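Colleague: Let the sequences and hints guide you as you build the complete structure.
What the sequence shown shows, in our numbering, is residues 1 to 182, in sequence order.
Source of the hints: derived by calculation from the structure; they are not laboratory data. Worth double-checking, as some hints may not be accurate.
[To be verified] Pair by pair, the computed Cβ-Cβ distance ranges are:
id	residue 1	residue 2	range
1	T43	A72	32 to 42 Å
2	E145	D168	17 to 27 Å
3	D168	G58	38 to 48 Å
4	G127	E171	34 to 44 Å
5	E138	E54	32 to 42 Å
6	E96	A172	15 to 25 Å
7	A144	L53	11 to 21 Å
All values reported here derive from a predicted model rather than from experimental measurement. Think of the CB as a built atom: it goes at the ideal place given N, C-alpha and C, for glycine as much as any other residue.
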Amino acid sequence: MNPAPSLFLVGPMGAGKTTVGRLIAELFRMPFIDLDHEIEAHTGAAVGLIFELEGEAGFRRRESAMLAGLAARHGIVLATGGGAVLDAENRRVLRENGFVIWLDADVDAQLARLARDRQRPLLQAPGRRERLERLARERNPLYAEIADLRLPSSGVGNSSHAAHDLLDLLEARWRRGNPEAA
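Modeller: This is how it looks when you write it as structure tokens:
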């Protein structure tokens, strides 16, 4: 059992981090925060525009700064962007400040869920399958490195089923609390 004040969801795009995160937050009566939405609210610009103007490196700097501030809060459910784990400092912040849940989705599930998505900057090129496979090879070991719990989100049905499956697992493996008091 890992005592932690907050729950952090990591995983690839299309895994259901935002949808499942909202449901889990509601079930636990905790505030829900989506990291990408917070960046957009803070900057007044969509993630795609930030990528266009500042490149991925500029976006990642903003993401790291926002993540550090949000992870310091206690008692939240935070859905990160799929690439937040790329930075070693972000992984340390996530690992040390919350219970990390890896929502894992295979490439076929991602393709189905993202078929109509035209907003995600990393998918704005031909060869979506190859891009998602490359991202999975690069990021899955990083998700595994920091995850307290891995929940496959492929083939679990809808987000409500995934949230209830996660709720059962959290009741067995997570104790809400202050990790410094442990």
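Colleague: A separate judgement is required for each hint: does it hold in the structure or not?
Modeller: Evaluated hints:
no.	hint	in the structure
1	T43 x A72: 32 to 42 Å	violated, 20 Å
2	E145 x D168: 17 to 27 Å	holds, 24 Å
3	D168 x G58: 38 to 48 Å	holds, 40 Å
4	G127 x E171: 34 to 44 Å	holds, 41 Å
5	E138 x E54: 32 to 42 Å	violated, 21 Å
6	E96 x A172: 15 to 25 Å	holds, 22 Å
7	A144 x L53: 11 to 21 Å	violated, 33 Å
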